[in-house]
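S.K.: These are the residues of each chain, in order.
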Amino acid sequence: QQQVKQSPQSLIVQKGGISIINCAYENTAFDYFPWYQQFPGKGPALLIAIRPDVSEKKEGRFTISFNKSAKQFSLHIMDSQPGDSATYFCAASHSSTGNQFYFGTGTSLTVIP
Amino acid sequence: GAVVSQHPSRVICKSGTSVKIECRSLDFQATTMFWYRQFPKQSLMLMATSNEGSKATYEQGVEKDKFLINHASLTLSTLTVTSAHPEDSSFYICSAGGQGPTEAFFGQGTRLTVV
Chain A
1 QQQVKQSPQS LIVQKGGISI INCAYENTAF DYFPWYQQFP GKGPALLIAI
51 RPDVSEKKEG RFTISFNKSA KQFSLHIMDS QPGDSATYFC AASHSSTGNQ
101 FYFGTGTSLT VIP
Chain B
1001 GAVVSQHPSR VICKSGTSVK IECRSLDFQA TTMFWYRQFP KQSLMLMATS
1051 NEGSKATYEQ GVEKDKFLIN HASLTLSTLT VTSAHPEDSS FYICSAGGQG
1101 PTEAFFGQGT RLTVV
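So the protein sequences, as listed, match chains A and B.
Under my numbering, the first sequence has 45 at position 45, and the numbering climbs by one with no breaks.
With the second sequence counted from 1, adding 1000 to any position gets you my numbering.
Source of the hints: derived by calculation from the structure; they are not laboratory data.
There's no promise every hint is true.
Short derived list, chain B residues pointing at chain A, Cβ under 8 Å [claimed, not checked]: (1) Phe1039; (2) Ser1043; (3) Lys1064; (4) Phe1067; (5) Ile1093; (6) Gly1107; (7) Gly1109; (8) Thr1113.
Derived DEER-like restraints, expressed as beta-carbon distance ranges [to be verified]: (9) B:Ser1083 to A:Lys57: 45 to 51 Å; (10) B:Ser1073 to A:Ser96: 36 to 42 Å; (11) B:Gln1029 to A:Lys57: 25 to 31 Å; (12) B:Val1115 to A:Ser95: 40 to 46 Å; (13) A:Ser55 to B:Thr1057: 45 to 51 Å; (14) B:Thr1113 to A:Ser10: 44 to 50 Å; (15) B:Glu1022 to A:Ala70: 40 to 46 Å; (16) A:Pro52 to B:Ser1073: 34 to 40 Å; (17) B:Glu1063 to A:Ser55: 41 to 47 Å.
Backbone N, C-alpha and C define an ideal beta-carbon position, used for all residues, glycine too.
Extracted from the complex, chain A is given alone in its bound form (with noise of 0.2 Å):
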């Protein structure tokens, strides 16, 4: 069973435009969620995270926007870039399973001159 879910799978976004992307989870044990970045033949990269006690956290272009009552969090980037060009994935863990991660299905983000 999937326990964090991810849209859309692709996105293509035009150079300058905002790209988001969508995850939902199911378990209210999770307080942690993480983003990464991974470029093809590469791990992931931690990107921007949030726990549930704050709705948005913003670092550079990246925010996080979360919502408890939905058990939903998005990631928007701003101002997109053909360097940002790469799956995204986002993640959900919680604390009595330390460093384990859920991962959502990954989204593949193009970013088009």
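Please arrange chain B on chain A, whose structure you already have, making use of the hints.
M.R.: Chain B alone, transformed into the frame defined by chain A:
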């Protein structure tokens, strides 16, 4: 930030042989490491949790006799794919962390191709 090194990055082996993949935490001690498998254009699926000094914990459906995990020290975990077959071809990724999820870091992955 902390670095997790995985070796080799690519390996091609013949069907029936065994392949060992190493995962090292370079600048911190990791009591727990995780091994994931990723098929093309798919998500990372947790295979097993590697615990230093004890047996690994495998996820349901993962054959522990086929995917041998050894966590001999606080900085090294190894995954050995035994009697590899073409269906074992995949991208294997390890992660290691400190006390909590904010301290988890991923290796660069190993592309295994079994011919």
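S.K.: Decide, hint by hint, whether the structure agrees.
M.R.: Against the structure, the hints come out as follows:
no.	hint	result
1	Phe1039	violated, 11 Å
2	Ser1043	holds, 5 Å
3	Lys1064	violated, 17 Å
4	Phe1067	violated, 17 Å
5	Ile1093	holds, 5 Å
6	Gly1107	holds, 5 Å
7	Gly1109	holds, 4 Å
8	Thr1113	violated, 13 Å
9	B:Ser1083 to A:Lys57: 45 to 51 Å	holds, 46 Å
10	B:Ser1073 to A:Ser96: 36 to 42 Å	violated, 25 Å
11	B:Gln1029 to A:Lys57: 25 to 31 Å	holds, 29 Å
12	B:Val1115 to A:Ser95: 40 to 46 Å	holds, 43 Å
13	A:Ser55 to B:Thr1057: 45 to 51 Å	violated, 34 Å
14	B:Thr1113 to A:Ser10: 44 to 50 Å	violated, 25 Å
15	B:Glu1022 to A:Ala70: 40 to 46 Å	holds, 42 Å
16	A:Pro52 to B:Ser1073: 34 to 40 Å	holds, 35 Å
17	B:Glu1063 to A:Ser55: 41 to 47 Å	holds, 43 Å
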